[in-house]
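Just so you know, the protein sequences line up as chains A and B, in that order. Residue 262 in my numbering sits at position 262 of the first sequence, with consecutive numbering throughout. Residue 1217 in my numbering sits at position 217 of the second sequence, with consecutive numbering throughout.
If you are wondering where the hints come from, they were derived from the structure by calculation, not from laboratory data. Errors might be hidden in some of the hints.
[Unchecked claim] Quick look at which bits of chain A chain B covers, simulated, 3 or more residues with Cβ under 8 Å: (1) 426 to 433; (2) 439 to 449; (3) 460 to 474; (4) 508 to 515; (5) 590 to 601.
[What the hints assert, rightly or not] Only some residues are given here: those of chain B computed to face chain A with a beta carbon under 7 Å: (6) I1272; (7) L1375; (8) E1479; (9) D1504; (10) L1602; (11) V1625.
[Claimed, not checked] Below, in silico cross-link-like pairs of lysine-lysine (DSS-like), each with a Cα-Cα straight-line distance of 27 Å or less: (12) B:K1349 x A:K349; (13) A:K505 x A:K536; (14) B:K1522 x B:K1509; (15) B:K1560 x A:K522; (16) A:K509 x B:K1560; (17) B:K1505 x A:K618; (18) A:K618 x B:K1509; (19) B:K1470 x B:K1509; (20) B:K1505 x A:K612; (21) A:K536 x B:K1522; (22) B:K1522 x B:K1618; (23) B:K1560 x A:K612; (24) A:K522 x B:K1612; (25) A:K509 x B:K1576; (26) A:K509 x A:K522; (27) A:K505 x B:K1509; (28) A:K509 x B:K1618; (29) A:K349 x B:K1618; (30) A:K509 x B:K1612; (31) B:K1415 x A:K612; (32) A:K576 x B:K1536; (33) A:K612 x A:K560; (34) A:K505 x A:K349; (35) A:K470 x B:K1505; (36) B:K1560 x A:K505; (37) A:K536 x A:K576; (38) B:K1470 x B:K1505; (39) A:K470 x B:K1509; (40) B:K1612 x A:K618.
Just so you know, even glycine gets a beta-carbon here, dropped at the ideal spot from N, CA and C.
Protein chains: 2
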Amino acid sequence: MKLFDVMFGRPLASDEAHSAQISPAVGIPIFGLDGLTSAAYGPEAAMTLLIPLGIWGVQHYLLPIFGLILTLLTILYFSYRQTIVAYPNGGGSFTVASENLGDRAGLFAAAALMIDYVLTAAVGISAGVTALVSAFQETKYGPQLHQHQMGMCLVILAAIALVNMRGVKETGFVFLVPTILFVGTLLTTIGVGVFEALSTHGHPIAHSMPPPPVDNPTTKLAGWLLLYLLLKAFSSGCAAMTGVEAVSNGVTAFKEPRSKNANITLTVIIGILIILLFGLSYVARAYGVTAMDPNATTYQSVLSIEVAAVFGRQWFYFLTMGSVLAALSFSANTAFADFPRMARAIAGKDYLPHVFLLRGRRLLFSHGIYALTGLTALILIIFRGVTDSLIPLYAIGAFLAFTLSQAGMVMHWHKTMDAPHRLIKMFVNGLGATATGVTLCVLLFSKFLEGAWVTALLVPILIWLMMAVKRHYTRVRAETIDPTPLRLTGLEPPIVVIPMANWDKVTEKAMRFGMLMSPMVKVVHVDSDDSDTLGKVWEEMVLIPVRASHMAEPELVTVKSSFRTILSPLMDYVLKLEEDFPGRKIAVLLPELVVRHWWENLLHGQRVQLLKLLLLLKGNQRIVVVNIPWYL
Amino acid sequence: MKLFDVMFGRPLASDEAHSAQISPAVGIPIFGLDGLTSAAYGPEAAMTLLIPLGIWGVQHYLLPIFGLILTLLTILYFSYRQTIVAYPNGGGSFTVASENLGDRAGLFAAAALMIDYVLTAAVGISAGVTALVSAFQETKYGPQLHQHQMGMCLVILAAIALVNMRGVKETGFVFLVPTILFVGTLLTTIGVGVFEALSTHGHPIAHSMPPPPVDNPTTKLAGWLLLYLLLKAFSSGCAAMTGVEAVSNGVTAFKEPRSKNANITLTVIIGILIILLFGLSYVARAYGVTAMDPNATTYQSVLSIEVAAVFGRQWFYFLTMGSVLAALSFSANTAFADFPRMARAIAGKDYLPHVFLLRGRRLLFSHGIYALTGLTALILIIFRGVTDSLIPLYAIGAFLAFTLSQAGMVMHWHKTMDAPHRLIKMFVNGLGATATGVTLCVLLFSKFLEGAWVTALLVPILIWLMMAVKRHYTRVRAETIDPTPLRLTGLEPPIVVIPMANWDKVTEKAMRFGMLMSPMVKVVHVDSDDSDTLGKVWEEMVLIPVRASHMAEPELVTVKSSFRTILSPLMDYVLKLEEDFPGRKIAVLLPELVVRHWWENLLHGQRVQLLKLLLLLKGNQRIVVVNIPWYL
């Protein structure tokens, strides 16, 4: 068990619970990496749509689009601050929506978020691996790496899962380094880029020239076509906002005062994200960077072009790109930090299996980690680790959850606060709900055929499944709940049935136990070869001593079996007995040989195990199975 | 179950046993295919060793070598006739050796034969597939077929196993066609070849010229080197004799009179085999055929060269080669017909698991078929379906068994018959034992390094395993045998332990059963979160009604669990109880929820199952487990 402890950490007692709680600094990588790393692909996602407009498009529309996205982000920031204060025990969309808008809305949010977390993990890992593969594309290892893309994704997934099974606190430190590197290198790039741009009056000289924009940019577009194009660019850019939900969902992981610490973390994350998004857009515009067609043979990401333009392709370029790769891979961790907590909240309302409620040996909700790992692996295998196929499914879930959560908060203030004070709070969350709701419609409209339909289909399926789980638990509770005291009337000894092949110590033990339990003992002997070995010794071995003790005589029942099967004649006998004696309990005593070594089991029939299973499956309330073990 | 019945046949009742017994005609393909098909590779195996001697070697030594082999075969034939008469209930080497030479000798024979049967199946299948692949080698499908060689072997193995699970009689008819084709085409080839040779005074004209012999044949060899070469050629040629054992082992499968029918079958098989071996050698010599180096790019088998020489490459050539392929693949069936019967005989003496004693739904010893299928698959996978690697392991086992069996028969006659009559019988079997014993030494000497060592190593390992199995059964019997009548003294009610999480209908049912079983009931509540839900209702739900009925009060035991585990505190409590009350039985009552659909099990913890397992593994003679099922 030593190696196991080294890999997964020693088990933690329940009263060590506080030690798994975290400070705001540690919270940033844990809950923020997902949001922060979206800066690496958000601007590019929008700029790709602006390619047809050439350099003119970037000059005119990039900053307005990101202005809009950052406004939306700011609205969300204030909305979520209020949520974190209102729900110090974890204010995930599921909790907020179900408490304020009813269970259906909560399920809606839950389904959306479950999809989104799995996609966060899958996209993070696959984007990291894809970037790594692209970086080495021109070396001789390129094609080989490309072949093993899915394998690498699964190895990284396994590593992340392992780290998370040790616990959140350790996870925080492990993930701190890539976060610092990612944020640090990008902020440096932005700082130097902005300084160069300002000191040259908006015309900095690139150290490495950006690739030229498209030859014939479409500068004249019909008004509504241009609007549609800008809407699509905006929609894609919204991928930069996924991950904002994370902090509010994970409030319970923070040290006391939880809400305050969580809000500090949220503020830092959103602040850095705004600087990164705005800064990268500004630098792109200043250096005249346009996105490249992802299918082009000379393709480079916008981030790569920008960093190369500001610094040239020297060591800092490679450090930055390396940090981006690391941070992207690690960003999957946000999902691992949050999914188990959300699953627990949903399971607490009976909509998911109750195993998600159990804390594991490291005080984590281990089953949530297993489930997320399994689902992510499934997604990675289905999509063979290719990010491009995953992106259109993404963000829909997040914005659906945003909208439901903010709408729920509006109801929350309406219910819990008085008229004059609540107005400002309701306005903030209402603005958030409206903004994200409209964005959701735009997303669905502009990305439906490209993959959003998968999410649109999965959400109702998940809701249906969760409702089925709830129905099951409700039924079980209804059928087993018992507010009445113990009834002690009608206690009648059961009919004891003992299957017996021959007379030995094992069956004698069963007989002794059976005689003790009830005066009505039936010994069943299945005879498949007319040898009747048991009948010959029955009188001498059993009846004579029983008569001498003046106890009730057990009955020997011999059942013929023409097909050499033992189990079905036995089952038939038990079921017939149950029919003949309505109201009586039947105790089937199964003598069982317990061997010392596992391989010895191969030398003995597994009939007793099969019979147990059969009795359980075909049996009913009145049939009880008693195992009489015999240890060799 | 309909499809199942179509595939495996309807189940047969025990009194239908005679319907699975066979006539001599049906017996030939079943027990003879292995022996007969060895004519396809036996001569070639010997001739390959004669390559260095060129055409001269074939002319001078081929007929003498096969004269020796056929003499050996004739001796074996008479030996085995006597065995079949003496052992009408199946006179496999195991039976004969263990009855007459003691258990050790029997085990020796059993181990040798088990290896040989598995190799028979593996070699037959792989030789068939290899031949098929070679035939298509020059077409565009060749390389593809070659890649899937092992896969094809496994598919054929599965098909043979399936046919055998239906039963022996049907198997006979299925295998009749390839046997008739194989024997018919080869006899025709020999007939035409011999006629041409005689009518041209020993100088027939080949329709398709055999490839030329080696350029510089070594006609002058030192005497002892030549002897060694001829011994090796003889050893390899002995592969043609494997499979002779089959009939004597399977006597019980024949119609009455068993021995007579079995002997008719044996006579026909050996007769045909002698004609085939001698005929093929004669034709090879007459047409000046020499073997080719198996690694040559233009390699053809001797059989292919002969048939082509006699008929040319027209339709009859392809028919003959096709029959050879089919018969080789099907020859694996001999092992399937015999292995299960032998395994039953060994299991009957406790040296193999007793499952081999059970007749399956089609009155066959199904487990023998499963075991042979599994082992053959393993061998095919290890050797990747390549015949060449298997051949040197082969034949050792068969000759070891021959020797032991014949030696056993000598003892048999010595013990059972009077002096004057027994002499001739003892002489026949003694001659057989001596001849096969000497051959075995030659085989081991000349093939040891090429693979015979594997067999030489496996035999003692198998013997050791079988002795371990026997020891186990002997120990179990010694520990459980009970020739004394039922003891009814000291019957004291057990201490009842009921694990309980909360008060509901399921636990109430367990309580009612527990109160019935014993006045000493201990309810164990594992408390991991200090909520003590059960303690709050205990008085009202349990104690008040119990006091009202004037019964013994059950005790509520609350156990703290700091690591949130439920099972280990429970186990600890039960084991401590067992220590505190020496001599008392402890009945652990486990209330268990039985769901309607399998997937509902995912929604409930599997703690009860785990606890059952733990109680079984860590428990002892005095702990009994009672399952109280609750059906939803």
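Results for each hint:
| no. | hint | in the structure |
| --- | --- | --- |
| 1 | 426 to 433 | violated (count 0) |
| 2 | 439 to 449 | violated (count 0) |
| 3 | 460 to 474 | holds (count 3) |
| 4 | 508 to 515 | holds (count 6) |
| 5 | 590 to 601 | holds (count 4) |
| 6 | I1272 | violated, 38 Å |
| 7 | L1375 | violated, 14 Å |
| 8 | E1479 | holds, 6 Å |
| 9 | D1504 | holds, 4 Å |
| 10 | L1602 | holds, 6 Å |
| 11 | V1625 | holds, 4 Å |
| 12 | B:K1349 x A:K349 | violated, 61 Å |
| 13 | A:K505 x A:K536 | holds, 17 Å |
| 14 | B:K1522 x B:K1509 | holds, 15 Å |
| 15 | B:K1560 x A:K522 | violated, 42 Å |
| 16 | A:K509 x B:K1560 | violated, 35 Å |
| 17 | B:K1505 x A:K618 | holds, 21 Å |
| 18 | A:K618 x B:K1509 | holds, 19 Å |
| 19 | B:K1470 x B:K1509 | violated, 45 Å |
| 20 | B:K1505 x A:K612 | holds, 23 Å |
| 21 | A:K536 x B:K1522 | violated, 42 Å |
| 22 | B:K1522 x B:K1618 | holds, 20 Å |
| 23 | B:K1560 x A:K612 | violated, 32 Å |
| 24 | A:K522 x B:K1612 | holds, 25 Å |
| 25 | A:K509 x B:K1576 | holds, 23 Å |
| 26 | A:K509 x A:K522 | holds, 15 Å |
| 27 | A:K505 x B:K1509 | violated, 31 Å |
| 28 | A:K509 x B:K1618 | holds, 19 Å |
| 29 | A:K349 x B:K1618 | violated, 37 Å |
| 30 | A:K509 x B:K1612 | holds, 19 Å |
| 31 | B:K1415 x A:K612 | violated, 51 Å |
| 32 | A:K576 x B:K1536 | violated, 42 Å |
| 33 | A:K612 x A:K560 | holds, 21 Å |
| 34 | A:K505 x A:K349 | violated, 52 Å |
| 35 | A:K470 x B:K1505 | holds, 20 Å |
| 36 | B:K1560 x A:K505 | violated, 39 Å |
| 37 | A:K536 x A:K576 | holds, 26 Å |
| 38 | B:K1470 x B:K1505 | violated, 49 Å |
| 39 | A:K470 x B:K1509 | holds, 25 Å |
| 40 | B:K1612 x A:K618 | holds, 20 Å |
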